[in-house]
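Visitor: Listed below are the residues making up each chain.
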Amino acid sequence: MSELLRIENLTKAYPGVVANSDVSFTIGAGEVHALLGENGAGKSTLVKMIYGLVKPDAGAMTLMGQPFTPTKPSDARAAGVAMVFQHFSLFDALSVAENVALGMENPPSTRHLAQQIREVSQTYGLPLDPDRQVGDLSAGERQRVEIIRCLLQDPKLLIMDEPTSVLTPQEVDILFETLRKLQAEGTSILYISHKLDEIRALCQAATVLRLGKVVGRCDPTEKSASELAEMMIGSNLHRPSRPAQEVGPVALEVKNLSLPSLSAFGTPLKDISMTVHKGQIFGIGGVAGNGQDELLAALSGEMQAPRGAITLHGDAIGHLGPTERRKRSVMAAPEERMGHAAVPAMSLTENAALTGMQPKDLATRGMIDWGKARDFAAEIIARFDVRTPGTQTAASALSGGNLQKFVIGREVMQNPEVLIVNQPTWGVDAHAAATIRQALMDLASAGTAVIVISQDLDELMEVSDVFAALNEGRLSAARPAAGLSIEEIGLMMGGAHDLEVAHVAG
Amino acid sequence: MIRLERRAVPAAKLSYVTPVIAVVLTMVFGGALFAALGKDPIAAIRTIFYEPLFGEFSFYYRPQLLVKATPLLLIALGLAMGFRAGIWNIGAEGQYIVGAICGAAVALAFYPLDSRIVFVLAVLAGMVGGALWAMIPAFLKLRFGTNEILVSLMLVYVAENLLAAMALGPLKNPEGLGFPGSRNLTQYEAANSWIAQDLGLHWGGVAAAVAVVVIFVLMGWHVLGFQIRVSGESPRAARFAGVRPQVLVVFCMAASGMLAGVAGYFEVSGPSGQISIDFNSGYGFTAIIVAFLGRLHPIGILLASFLMALTYIGGEIAQNQLGLPAAAIQAFQGMLLFFILGLDVFTNYRLKLIQRGVA
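Read top to bottom, the protein sequences are chains A and B. Everything in the first sequence is counted per my numbering, starting at 327 for the first residue and increasing by one. Everything in the second sequence is counted per my numbering, starting at 5 for the first residue and increasing by one.
One or more hints might be untrue.
Claimed, not checked - Think about it this way: if two alpha-carbon atoms lie no more than 30 Å apart in a straight line, the pair counts; the simulated DSBU-like pairs of lysine-lysine are:
#, chain 1, residue 1, chain 2, residue 2
1, B, K176, A, K381
2, A, K398, A, K539
3, A, K581, A, K604
4, A, K381, A, K539
5, A, K374, B, K356
6, A, K686, A, K698
7, B, K356, A, K539
8, B, K17, A, K398
9, A, K374, A, K549
10, B, K17, A, K698
11, A, K539, A, K549
12, A, K398, A, K381
13, A, K482, A, K398
14, B, K356, B, K17
15, A, K539, A, K521
By construction, these hints were calculated from the structure, which means they are not laboratory data. These numbers were taken from a predicted model, which means no experiment stands behind them.
Can you build the whole structure from these sequences, using the hints too?
Guide: Following this line, the structure appears as structure tokens:
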């Protein structure tokens, strides 16, 4: 296999942290190369250097035998490097073709472009209508827009950053089909992920990063998933666990809940019913944008529902706002940490008071006892191992994982009767994720009804007693999580959008 | 190349220093402006900042400082609460006018009854009048989603016309020989707000001092103040925490309208004396500058109101003694706000000199 990209001794330091140190590896032509590592291992910085977004402090890159020093993404694109980002940069209000045109230096006419998009989508089995508005597309379809945008440039190297995190299992299959087709045509792919099974199924070579350094290289098809995980984490991971549960009485019940969407491109909730028992963890899967934010808002009280649609121990609470629900010990932690679950510019003490005010009795006759709030913040920090200089530190100064521990810890420490969390371990490193999952399980063992909304199926399978899936605002019937196969889960999640793999031409 | 780099954490200490730097920069660039106008910049700056405080006639100017600072302080305190919550009441000038009209109307209705109850009722009327005027943009915002900035601002012009109508109509002094304007309230002992005219102290000063303390405590320790701060920082987190934005809109608009309204009554029954066609003199707008100059913090606003009063008095002296045009003084005051807001960038960003990347 001939060599496409050689990376030698790349180093990049940011103030206070070395993101990449002496990283070297090579990608062969037509190879699918995995870049493995935990969050914060330096994967993103590395690909940003390859894509010309970040300038390395030291080291060299060689693309097809030529020195490769992109200073901006358009240099990288001109040299044949394309990238699909984890977070899409698409305009909801524009059509697929218009979005693709926006990313081009000299876009052809929309009609001509639409034709090209159709051709590419036919060739690579990526069903996509160029005239549809992006706001109406599923996450999987949006990703196809990004991929097609890249393929139109006819890249030699395609970088994909965590592409499957937003896809259903069936959509993953479609994507892999496409990637294999590309590979067969000689395109190299740099595939970033921490999902080990995918990497074993798709990639021929892997480079493992830990704390900015290359700690291993292997052929992932020859390693087991747990061997790969050990290379990635460097130690044996503590697996959360809890004793088997007796099902308690019903704590929270939702009956035929329908609500309009939060925003123009949100998803309305349609006829949602669910029953959560004391001591049970109710896992809700589904691809992002299928009503997760709306469901959390409805359960936390941010969006008010019809009175009887939500009941707690038989009492109607649907009409109550967040404060009233917290008084009844129904707590929530939304997905977005910054600016939703926490106020970035405020101290941890103030953020502790944000939701702890009533349950923790931090105010008497309207006057806040800041000493008490500080103690509460300090308790959270101590019990959840939040790395911070102190309670006066602003929330924005904490890393994502630490703030997430704080946000979840804040609710857990209030001993809720019902706790609803959305994406509890999103963007959190493996250790923090294990801590958070263990805390949720301990809470359930102590009798709390816990609802976990997540896009991480592994996480849901690990913690849930029962599982249901959100699809276009509808919630599937709940089933016991034990023994569910990945195909069954995929079907509950509504399968792929445009399930049939479009006929692959040629 | 110079680039702005976002700070991980806003530099809290810097936000105390930037107002001082802004004042210094205003002196430098204002001085340059005065020099360009052919005046001695040192003398001009000295006249503005030194003369009123320690000059030969400071015995006359010092009470004037208090007279000017009092309404600015009262109004700015109220506005700052709303600004902290992201509720932009720009129409304090209108609430100030309506408060003055309502207070004066109540006081004059009792004329010539000789009882201090008249004063109390008039103060209450001023508060209610200002608050109700501010409720118009609040109601329209909540009911129809209108922009409170535009509505409150436009209501200033309505209030100005109302003022003229009142001065010429219902509130016109029946013994005023047909001249526009109401009876002089300072000559109606029951409604007079002066405590010590030779010190420049009227009841507005007392009210402002109380308001500083109350709002300081409210913002720092009360749940409502906490909710106001959370809403301003991130509205989504506020809703998540159970804050009802409607409540804050009503509270902040009403409180700022009330303080502006009461400032209006203290003014009309003190320094100004009567409802006249041009009773208002822009305190409601200048208070916006004062609120930001004081970093939306009650103590800061206390200092800022006196600083702003100083530039007013000093500016007038400079006009009289040095023949500086009034527009130059206004430009000078505008510079102050410009530098304050401009330097705000540095609490969130730092300057970074970088070499251009090698291609």
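Visitor: Against this structure, judge whether each hint is valid.
Guide: Against the structure, the hints:
1. B:K176 - A:K381: Distance of about 75 Å is beyond 30 Å: violated.
2. A:K398 - A:K539: 24 Å, holds
3. A:K581 - A:K604: 17 Å, holds
4. A:K381 - A:K539: Between K381 of chain A and K539 of chain A the Cα gap is close to 18 Å, so the pair holds against 30 Å.
5. A:K374 - B:K356: 22 Å, holds
6. A:K686 - A:K698: 9 Å, holds
7. B:K356 - A:K539: 29 Å, holds
8. B:K17 - A:K398: 37 Å, violated
9. A:K374 - A:K549: 28 Å, holds
10. B:K17 - A:K698: 25 Å, holds
11. A:K539 - A:K549: Answer holds: K539 of chain A to K549 of chain A is near 20 Å, not above 30 Å.
12. A:K398 - A:K381: Given that 30 Å is the threshold and the Cα spacing comes to 9 Å, the pair holds.
13. A:K482 - A:K398: With a Cα-Cα distance of about 17 Å, the restraint between K482 of chain A and K398 of chain A holds, given a limit of 30 Å.
14. B:K356 - B:K17: 19 Å, holds
15. A:K539 - A:K521: 20 Å, holds
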